[in-house]
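All chains should be modelled from the sequences, with the hints used to inform the complete structure.
In case you want the letters, here they are:
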Amino acid sequence: AQSVAQPEDQVNVAEGNPLTVKCTYSVSGNPYLFWYVQYPNRGLQFLLKYITGDNLVKGSYGFEAEFNKSQTSFHLKKPSALVSDSALYFCAVSLGGATNKLIFGTGTLLAVQP
Amino acid sequence: EADIYQTPRYLVIGTGKKITLECSQTMGHDKMYWYQQDPGMELHLIHYSYGVNSTEKGDLSSESTVSRIRTEHFPLTLESARPSHTSQYLCASSRVLSLHEQYFGPGTRLTVT
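Just so you know, the protein sequences line up as chains A and B, in that order.
Numbering-wise (the numbering used here), the first sequence opens with residue 50 and increments by one.
Numbering-wise (the numbering used here), the second sequence opens with residue 572 and increments by one.
These are computed hints drawn from the structure, not numbers from a lab.
Virtual Cβ for every residue (Gly too), placed ideally from N, Cα, C.
It is possible that part of the hints are untrue.
[To be verified] Rough simulated footprint, nothing fancy, chain B against chain A, three-plus residues with beta-carbon under 8 Å:
#1 88-102
#2 109-119
[Said to hold, decoys possible] Far from chain A, by Cβ distances over 10 Å, these chain B residues were calculated:
#3 Asp574
#4 Gln577
#5 Ile584
#6 Lys588
#7 Thr597
#8 Thr626
#9 Ile640
#10 Ser651
#11 Ser658
#12 Ser665
#13 His671
#14 Pro677
Quick look at the structure:
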């Protein structure tokens with residue numbers, strides 16, 4: 050069965066430190082992988098995606114993600130966290146085909162302390 | 572910010588009432604989706620549409636219904652609201668291919684008393 054796992058409900062990091070939000074996936078075939086961010090009382094905003102090619106993908110607000118096929122992972126990273134990065138982060142995988150349906154992880158709350 | 576709109580943003584309504592949650596997008600996207608986001612923050616797909624006059628049920632069973640008469644409009648209706656329908660409802664749209672990201676509206680937070 051297709052699935053996405055975000056093993057950490059919450060990640061705490063001090064402002065200025067690097068951050069990592071973990072995501073692993075289980076899909077058949079080649080995955081299309083996405084990261085979204087959700088601020089309080091808002092919808093989800095697209096951050097970045099991996100389709101093919103370079104394993105390191107750069108996205109909005111200084112975020113990047115590394116695709117690792119052997120470990121079936123797609124961890125979100127940022128070299129220096131900001132307090133304004135505090136939000137809920139979702140990893141998602143596209144099932145492909147005609148529907149473009151996404152399977153979402155359960156979300157990871159990122160808390161950046163000043 | 573994506574050009575996808577949802578109204579109302581917040582709705583408190585009594586049990587048994589009929590409600591319609593509105594969703595509109597101005598990007599000309601063929602595909603549209605409704606998600607339900609529960610208190611644990613997990614998202615579940617409840618409806619999607621490939622295009623005009625095309626609707627399908629999603630992965631989570633829902634008592635709601637949808638329609639797609641115009642490309643830009645994808646309303647969700649609950650004929651008789653119940654407290655179990657209390658949740659956040661997110662609408663999204665995307666271009667045709669599965670490699671294309673989805674754009675989300677701001678959501679409607681529904682409370683049924």
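How the hints compare with the structure:
1. Only residues whose C-beta sits within less than 8 Å of a C-beta in chain B count toward coverage, and the segment 88-102 of chain A has 8 of them, enough to reach three; the restraint holds.
2. Residues of the segment 109-119 of chain A with a Cβ under 8 Å from some Cβ of chain B number 0, which does not satisfy the need for three, so the listed coverage is violated.
3. The beta carbon of aspartate 574 of chain B is kept farther than 10 Å from every beta carbon of chain A, the shortest such distance being approximately 12 Å.
4. Chain A draws glutamine 577 of chain B into its interface by the beta-carbon criterion, the shortest separation being 8 Å against a cut-off of 10 Å.
5. Against the 10 Å criterion, isoleucine 584 of chain B stays outside the reach of chain A, whose nearest CB is about 19 Å from its own CB.
6. In this structure lysine 588 of chain B is separated from chain A by more than 10 Å, as the shortest Cβ-Cβ distance comes to about 23 Å.
7. Remark: the non-interface label on threonine 597 of chain B is consistent with the geometry, its nearest Cβ contact in chain A lying 15 Å away (cut-off 10 Å).
8. Listed as outside the interface, threonine 626 of chain B is consistent with that label: its C-beta sits roughly 12 Å from the nearest C-beta of chain A, beyond the 10 Å cut-off.
9. Non-interface status of isoleucine 640 of chain B relative to chain A is upheld: no Cβ of that chain comes within 10 Å, the nearest being about 20 Å off.
10. Serine 651 of chain B, annotated as away from the interface, keeps every beta carbon of chain A farther than 10 Å; the closest lies near 27 Å.
11. Distance check on serine 658 of chain B: its Cβ is at least 14 Å (rounded) from any Cβ of chain A, clearing the 10 Å threshold; non-interface status holds.
12. For serine 665 of chain B, the non-interface assignment is contradicted: its Cβ lies about 5 Å from the closest Cβ of chain A, within the 10 Å cut-off.
13. The claim that histidine 671 of chain B lies off the interface is violated: its Cβ sits roughly 7 Å from the closest Cβ of chain A, which falls inside the 10 Å cut-off.
14. The non-interface label for proline 677 of chain B is inconsistent with chain A: the shortest C-beta to C-beta separation is roughly 5 Å, within 10 Å.
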